[in-house]
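Use these hints to put chain B onto chain A, whose structure you have.
One-letter residues, chain by chain:
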Amino acid sequence: MKIRFLLPLAVALCFSAQLLAMPKNSNQLSDPRVRQAIAYAIDMDTIQETLLEGKAIVADSHIPNGPFKKPGLPKYSYDPDKARQLLKEANWDSSQELDMVYYYSDQLTVDLMTAIQAYLSDVGVKMNFRKLEGDVGAQLWTAPKDPQNGPSAVKWDLAYGAHGPLALQEYFSRYKTGEMSISPADAKLDGMIDVLTSTADIDAQKKIFFEMEDYIQNELFTLPLYYQQAFIYESNKLNRNGQIYGNPQYNYDWDIAKWTVEPDASGKMVMNTNTGPTEFFDHPWFNPGLFITNKVLHDRLITCDGGLAPTRPKMAKYYNLSKDAKTLIFELRDGLQWHDGSVITAEEIEWNIELALKVPNIMPIFKTTFSYLEGAKAFMDGSASNISGIAVSGNKITLSFAQVDPNVLLTFSQWAPLPRKYLEDVDPAKFQQHPFWQNPIGSGPYKVKEVKMNDYLVMVPFENYHEGVARIDEIVAYPSNDNDANLVKNALARKLDYGFTKNVADVKSLEEMDHMRVYPADIPYTRMIWFNKYAKN
Amino acid sequence: MFIYFTRRLLYLIPMLLGISFLIYLGLELTPGDILSYLLPPEAIADMKPEELAAMREALGLNDPFIIRYIYWLGGILQGDFGYSLASGVPISQLVLERVPATLELSVAALLFSTFLGVILGSISALRRGSLLDNSLTIFGMIGVSIPEFIFGLSALVIFALQLEWLPVGKRLMPGYDSYWDHMPHLVMPAMVLGLIMTAGVMRYTRSSMLDSLNKEFIRTARSKGIPEWRINFIHGLRVALIPVVVLIGFRLPMLIGGTVIIEQVFQWPGIGNLFVNAVRGQNYPLVMMISFLSVTAVLFASFLIDLLTALLDPRIKLE
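Keeping their order, the protein sequence lines are chains A and B. No gaps in the numbering here: position 161 of the first sequence is 161 in the working numbering, and each next residue is one more. No gaps in the numbering here: position 170 of the second sequence is 170 in the working numbering, and each next residue is one more.
Bound conformation, chain A alone (with noise of 0.2 Å):
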């Protein structure tokens, strides 16, 4: 009876195991040996203690760790001989050369290039590498006009790119069959996204994480190299006062208005620090921290820890969130003000949320926070002029969504309002480009007291911020981009008092300076290779 029941079972199994490690298509990448193999051939731990100068960690799946990473997933530690042995049993064609494509101009990427397609010549795969220029999205990401059977709508085989997102659902949703250009259709992967964009609960959450996190790695969808790691870097003339550290990329509950630095000879204390504007100040929509003006001149609704899970109200008295996460409650602060002295209305925050439907280049997880509102849909395409899941009665602001995002507070975490009165007239496709970003008006504990643009930048404490006056006199911020190239020299001179870099051989310099002290941080941003598995034309 048992051997009836157990022997087709046990037939099943082996011939689904066996369909699993066949190749999709003609493209010898749908066969998960084949990409497994890759992962095998690279040593990345070398590559982690040569190139990155140990200033990283290697990676063993998207997602970061953390608690929502699954304990004891795959590893494709560095066995050559078995990435051999996968390629003999995938029947790999040894004459087939890989298109290898990346985005990056810096140096690193081509030496981490170079080692790569060392590694895989050694086990028999010939690989080409390229850098991409032009429309970089569009030759990334085209998905094929056939989900299903492709063939595929972009060139390379292999891209090496990074993905940071500010929601760790975001690593996994962009594998919906659709949107992307690398996979064909996976109905149990679209299931499993579903779940995971639909659920506000944190142990639903964390189940269908680890769901996801098994599947991907042992199918190795991507490859992930290796988790990059923020510096953040302070002179010892900064005190934090006992401010919490983390992720410096976004906004968190640092608490800036409490530091201090050591007084100059006029007893004035001025920290100096580098991403100030060099031709404009880039908008906290789309990136919302990682320039210092973002973090300090505009102010959140709500705030949260380093590890950027939302914590407590900031501009917002309260918040509400219903228990099926459709519905989110704000009451303001009572006399909030901007930096002008007006007050800042929930009638503002609506018509922000308006506005920041309508602008392109704001960060998606925003975007996808208020698309999700009920009447969003009809605001968009024209057909009403407001948005009817929106309510405002007098300081109280009532959200009701027509589906649940799992990311809504994170966004009102990192998402500032602005000052209705001067964005009035603005062309929502030039946002960036109104003159408002000369010079502007903020909500947050310092405002712009001078701009000599490419110059300096001086902020001063905002007088009527709502958690009290700020104690640095002064924030002088010197143009930068975030990898800026005189953070060295700037340093030495002892012209900068805090920020922070990713860029490693920058970190190895700060650490060797007595006068600046270097914290590493863990944040969502890991460097991986996509296999694109779409049969080619």
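Honestly, the hints are just simulated from the structure, not real lab data. Keep in mind it's a predicted model, so treat the numbers as computed, not measured. Careful: at least some of the hints might be erroneous.
Capping the alpha-carbon separation at 20 Å, the derived lysine to any residue pairs in SDA-like fashion look like this [claimed, not checked]: (1) A:K323 / A:H339; (2) A:K502 / A:I232; (3) A:K449 / A:M269; (4) A:K495 / B:W165; (5) A:K358 / B:F115; (6) A:K452 / B:Q264; (7) A:K452 / B:D177; (8) A:K207 / A:P64; (9) A:K452 / B:G88; (10) A:K430 / B:G60; (11) A:K495 / B:E51.
Partner residues are not named here, just some residues of chain A that face chain B (Cβ under 7 Å, in silico) [claimed, not checked]: (12) L120; (13) D194; (14) F280; (15) D282; (16) P360; (17) K430; (18) Q433; (19) F436; (20) K452; (21) N454; (22) P461; (23) V476; (24) L492; (25) A493; (26) R494.
Virtual Cβ for every residue (Gly too), placed ideally from N, Cα, C.
Chain B in isolation, oriented as in the chain A frame:
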């Protein structure tokens, strides 16, 4: 003569048009666009094609190349220099904000290099074949061959970081009230740029001086018993300086766009810095305008030098 100069002036128009078209074409052929600069690659990778298309449309990037060129040229003819694609700020404002910084650096470097180059070149000519002449020749060769950034970074390490005599870079700092406050910031970039240019002036002065010292009028002066220092510096150097002045005259407009590397090394917020950022960002209206201004400056300088040379030297006949 009037007809000659009017004709020369009119020649500038097709030259400017041709050069502007070539620059525009060159920029068009470069891969990428302003969005690749405004948005990080990961963000572009995440955005939907229709969102990117809307941004391109709003920035006027979807028009064909030739239409955009005609619009741009039409704007220039009406005095409208256009707007930076990155910030929306009028280009005239951006250029005017940065021209003083570049002029300040260029003029300081030019004065320094001229002063030093003429003195050293004259000494070299007067001590021809001596150890001093050979040493100065070697110095000149070194000056010409060392890349600007190595020279600049070495000066930074020695004078700003080790000796702490001069600031590490930048031009203006908060709290500077008068024009002279930022002079310490000018010293190092001006001297580095000036020293690099000195070699050329020195070599030019030397050969011109040698040529001049072999002329008949010098022999006549000597036969009259005029003191040697007067022969060398009043008679000889004055004549020798004419070609040197032409060289220097050409250098100033070229410096407007030629201080790029020094501005990068010393964080000097001039036209060079603006130009580099504009090229990186495929901010074509800004690149076009800066290139156009540099080319115009060089062409006009060449025109003015022709004019001056003709007025000063009666041997030049104009037809």
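These are the hints, each one checked on the structure:
Straight-line distance between C-alpha atoms of A:K323 and A:H339 comes to about 36 Å, which puts the hinted pair past the 20 Å bound. Between A:K502 and A:I232 the CA atoms are separated by roughly 9 Å; this keeps the pair inside 20 Å, and the hint holds. Between A:K449 and A:M269 the alpha-carbon distance is near 15 Å, which keeps this suggested pair within the 20 Å criterion. Annotation: proposed proximity of A:K495 to B:W165 holds, straight-line Cα distance about 15 Å (limit 20 Å).
Restraint check: the Cα-Cα separation between A:K358 and B:F115 comes to about 60 Å, which exceeds 20 Å; the hinted pair is violated. At roughly 18 Å between alpha-carbon atoms, A:K452 and B:Q264 fall within 20 Å of each other, so this suggested pair holds. The hinted pair formed by A:K452 and B:D177 meets the criterion: a straight-line CA distance of about 13 Å does not exceed 20 Å. Restraint check for A:K207 and A:P64: the C-alpha separation of about 16 Å stays at or below 20 Å, so the hint holds.
With a C-alpha separation of about 17 Å, the suggested pairing of A:K452 with B:G88 holds against the 20 Å cut-off. For a cut-off of 20 Å, the pair hint linking A:K430 to B:G60 stands: about 11 Å separates their Cα positions. The hinted pair formed by A:K495 and B:E51 fails the criterion: a straight-line CA distance of about 40 Å is larger than 20 Å. With its C-beta approaching chain B no nearer than about 24 Å, A:L120 sits outside the 7 Å limit, and its interface hint is violated.
Contact between A:D194 and chain B, as hinted, is not supported at the beta carbon level, the nearest pair being about 20 Å apart and thus beyond 7 Å. The criterion of a C-beta within 7 Å of any C-beta in chain B is met by A:F280, whose closest approach is roughly 4 Å, and the hint holds. Because the closest C-beta pair between A:D282 and chain B is about 9 Å apart, greater than 7 Å, the hint is violated. Restraint check, A:P360 versus chain B: the minimum CB separation of about 4 Å is within 7 Å; hint holds.
For A:K430, the interface hint holds, since its Cβ comes within 7 Å of a Cβ in chain B; the closest pair sits about 5 Å apart. The closest approach between the C-beta of A:Q433 and any C-beta of chain B is roughly 3 Å, which is under the 7 Å cut-off, so the hint is satisfied. With 7 Å as the threshold, the beta carbon of A:F436 stays out of range of chain B, its nearest partner Cβ sitting at about 10 Å, so the hint is violated. Satisfaction of the interface hint for A:K452 is found here, the shortest Cβ-Cβ separation to chain B being roughly 6 Å, below the 7 Å cut-off.
Here the hint on A:N454 is kept, as its CB sits about 4 Å from the closest CB of chain B, short of 7 Å. The interface hint given for A:P461 is violated, since its Cβ lies 15 Å from the closest Cβ of chain B, which is over the 7 Å cut-off. For A:V476, the shortest C-beta to C-beta distance to chain B is roughly 6 Å, which falls under 7 Å, so the interface hint holds. A distance limit of 7 Å between C-beta atoms decides the matter here; for A:L492 the minimum to chain B is near 5 Å, and the interface restraint holds.
For A:A493, the interface hint holds, the least distance from its beta-carbon to any beta-carbon of chain B being 4 Å, beneath 7 Å. This hint is violated: A:R494 has a C-beta 9 Å from the nearest C-beta of chain B, more than the 7 Å allowed.
Violated hints for the displayed structure, listed by number in ascending order: 1, 5, 11, 12, 13, 15, 19, 22 and 26.
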